[in-house]
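Quick note on numbering: UniProt numbering labels position 12 of the sequence shown as 12, and the sequence is numbered without any gaps.
If you are wondering where the hints come from, they were derived from the structure by calculation, not from laboratory data. For clarity, every value in this text was computed on a predicted model and none was experimentally measured. C-beta atoms are modelled at their ideal positions from N, C-alpha and C, and glycine is treated no differently. A few of these clues could be false.
As the list claims (entries may be wrong) - With beta-carbon atoms standing in for the labels, derived distance ranges:
# : residue 1 : residue 2 : range
1 : 21        : 108       : 35 to 45 Å
2 : 56        : 13        : 28 to 38 Å
3 : 127       : 63        : 33 to 43 Å
4 : 109       : 17        : 12 to 22 Å
5 : 108       : 69        : 41 to 51 Å
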Amino acid sequence: MNPVPEIRREKVFVPPEMTTKEIKEKYGLSSEKSYKVKKQGFFVKNYSKKQIIIDPENFDPAISYSTAKRVFWKNFAWNSVAQSIKEDLIQEAVTRMYELSGRVKEGANAKYGIGYSYFWVAHNAMLSYLKTWKRQMRFQVFGDINDEEMAIRIYNYRKELIL
């Protein structure tokens with residue numbers, strides 16, 4: 001048994017004769033969402049969750065680390081923030097490649113192979129992690145502000161009131 005349950009997105013079609021109350025009870029949706037689903041005719045199950053489709057036989061850590069490093073140097077090496085968290089970005093990309101190893105195998109065809117898919121999985125994972133990291137660190141000041149003029153410029157207050 002897998003320790004991590006598989007999470008897939010799937011399109012669920014709703015019969016037009018169902019009422020919003022029946023949709024709400026059967027699928028566990030809110031009243032507002034059930035109205036939109038009735039109007040639209042379908043909804044996507046697990047839309048707001050990350051997909052996890054693991055296939056351990058299809059995952060090779062050496063190739064994944066190589067791909068993640070190649071993606072970093074090709075797309076993120078110019079960014080000073082990305083350089084400071086390089087190892088975290090690479091690890092996040094490899095983790096996401098493992099989580100989607102089954103989906104990559106399912107989606108491979110003659111034109112777009114597994115390597116192409118892994119490249120974009122790694123790229124999107126790194127980009128997502130970098131944006132999240134920047135957003136979380138946006139207002140955080142590193143270290144102690146010893147310069148009173150700088151503290152006044154940053155906070156528009158006197159240093160004694162802040163620190």
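A quick look at each hint next to the structure:
| no. | hint | verdict |
| --- | --- | --- |
| 1 | 21 to 108: 35 to 45 Å | holds (43 Å) |
| 2 | 56 to 13: 28 to 38 Å | holds (33 Å) |
| 3 | 127 to 63: 33 to 43 Å | violated (21 Å) |
| 4 | 109 to 17: 12 to 22 Å | violated (38 Å) |
| 5 | 108 to 69: 41 to 51 Å | violated (22 Å) |
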